[in-house]
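What follows is the residue order along each chain.
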Amino acid sequence: GAGVSQSPSNKVTEKGKDVELRCDPISGHTALYWYRQSLGQGLEFLIYFQGNSAPDKSGLPSDRFSAERTGGSVSTLTIQRTQQEDSAVYLCASSLGGGGGEQYFGPGTRLTVT
Amino acid sequence: KNQVEQSPQSLIILEGKNCTLQCNYTVSPFSNLRWYKQDTGRGPVSLTIMTFSENTKSNGRYTATLDADTKQSSLHITASQLSDSASYICVVKLTGGGNKLTFGTGTQLKVEL
Chain A
1 GAGVSQSPSN
11 KVTEKGKDVE
21 LRCDPISGHT
31 ALYWYRQSLG
41 QGLEFLIYFQ
51 GNSAPDKSGL
61 PSDRFSAERT
71 GGSVSTLTIQ
81 RTQQEDSAVY
91 LCASSLGGGG
101 GEQYFGPGTR
111 LTVT
Chain B
115 KNQVEQSPQS
125 LIILEGKNCT
135 LQCNYTVSPF
145 SNLRWYKQDT
155 GRGPVSLTIM
165 TFSENTKSNG
175 RYTATLDADT
185 KQSSLHITAS
195 QLSDSASYIC
205 VVKLTGGGNK
215 LTFGTGTQLK
225 VEL
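First to last, the sequence lines map onto chains A and B. Quick note on my numbering: the first sequence kicks off at 1 and runs consecutively. Quick note on my numbering: the second sequence kicks off at 115 and runs consecutively.
In case anyone wonders, no lab produced these hints; they're calculated from the structure. No residue lacks a Cβ here, since even glycine has one placed at the ideal position from N, Cα and C. Mixed in with the good hints there might be a few duds.
Claimed, not checked - Here are some chain B residues pointing at chain A (derived, C-beta under 7 Å): (1) 131; (2) 133; (3) 158; (4) 160; (5) 200.
Unchecked claim - Simulated crosslink set (DSS-like; lysine-lysine; CA at most 30 Å straight-line): (6) 15/A / 57/A; (7) 131/B / 11/A; (8) 171/B / 57/A; (9) 171/B / 131/B.
My request is simple: use the sequences and hints to build the entire structure.
Below is the structure:
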């Protein structure tokens with residue numbers, strides 16, 4: 001595909017359930033980022049992958065959040081034991097390199113925890 | 115306190131009019147400043163990226179300015195169109211801050227007939 005894709009586009013889950021959000025970056029992009037956008041808030045950095053380096057997990061809000069990037073391409077963000085405050089739009093972005101260059105965003109996954 | 119503050123929070127203008135959005139930041143040391151446009155239900159799309167040495171950068175009807183001394187930036191939209199209705203987000207990248215970006219909360223612009 002030409003751009004970053006994310007799935008699902010919308011996810012409604014019950015409190016306490018686990019969810020997995022998927023991101024397909026632009027082919028050839030070595031850097032991948034996850035952000036969270038809560039209502040009325042600016043985007044919040046969650047985690048950053050660059051090539052084969054250890055990911056920067058400094059933005060993950062709790063140990064219920066984790067992410068993987070398999071084969072240097074697709075990434076999955078997992079939220080365990082979801083809470084209502086996890087409700088937000090989760091955005092993924094990719095960039096050609098890790099030097100702070102242009103980031104291209106996906107459309108996001110809107111997560112609603114009931 | 116948010117390190118990137120934008121004003122106004124929201125703005126309504128008539129089609130064809132110009133407008134200017136403001137961004138003040140306190141983060142430092144500063145590497146570059148970006149303006150993004152985010153349509154409802156979509157991811158942000160980059161409009162401009164400016165380093166600390168650049169004062170202005172244009173992208174079509176969008177012109178961004180930067181004053182690194184006062185830590186202020188503005189985004190000027192000329193001859194607005196209905197399709198300009200979106201959230202405009204100011205983003206600052208720190209020097210040596212890894213690749214984390216600091217985002218403002220955005221200005222919600224609505225262009226009406």
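Report task. Hold the hint about residue 200/B up to the distance rule: shortest CB distance to chain A must be less than 7 Å. Result -> Because about 13 Å separates residue 200/B from the closest Cβ in chain A, which is outside the 7 Å limit, the hint is violated.
**Report entry** Pair hint residue 131/B and residue 11/A, alpha-carbon separation not exceeding 30 Å
**Finding:** With Cα atoms ~39 Å apart, residue 131/B and residue 11/A exceed 30 Å; violated.
Query raised in the report: Are the Cα atoms of residue 171/B and residue 131/B separated by 30 Å or less?
Result: Holds: residue 171/B and residue 131/B sit about 20 Å apart, inside 30 Å.
Query raised in the report: Is the hint on residue 131/B kept, meaning its closest Cβ partner in chain A is under 7 Å away?
Result: 26 Å, violated
Requested in this report: Classify the hint on residue 158/B as holds or violated, based on whether any CB of chain A lies nearer than 7 Å to its CB.
Outcome: Hint on residue 158/B: holds, closest Cβ of chain A at ~5 Å, below 7 Å.
Report task. Identify whether the interface hint at residue 133/B stands, where standing means a beta carbon of chain A within less than 7 Å of its own. Result -> 21 Å, violated
Requested in this report: Quickly compare the C-alpha distance for residue 15/A and residue 57/A to 30 Å and report which way the hint goes.
Outcome: 24 Å, holds
Report task. Starting from residue 171/B, check that the Cα of residue 57/A is at most 30 Å away, please. Result -> 33 Å, violated
Query raised in the report: With 7 Å as the cut and Cβ atoms as the points, is residue 160/B at the interface with chain A?
Result: 6 Å, holds
Going down the numbered hints, you'll see the structure goes against 1, 2, 5, 7, 8, while the others check out.
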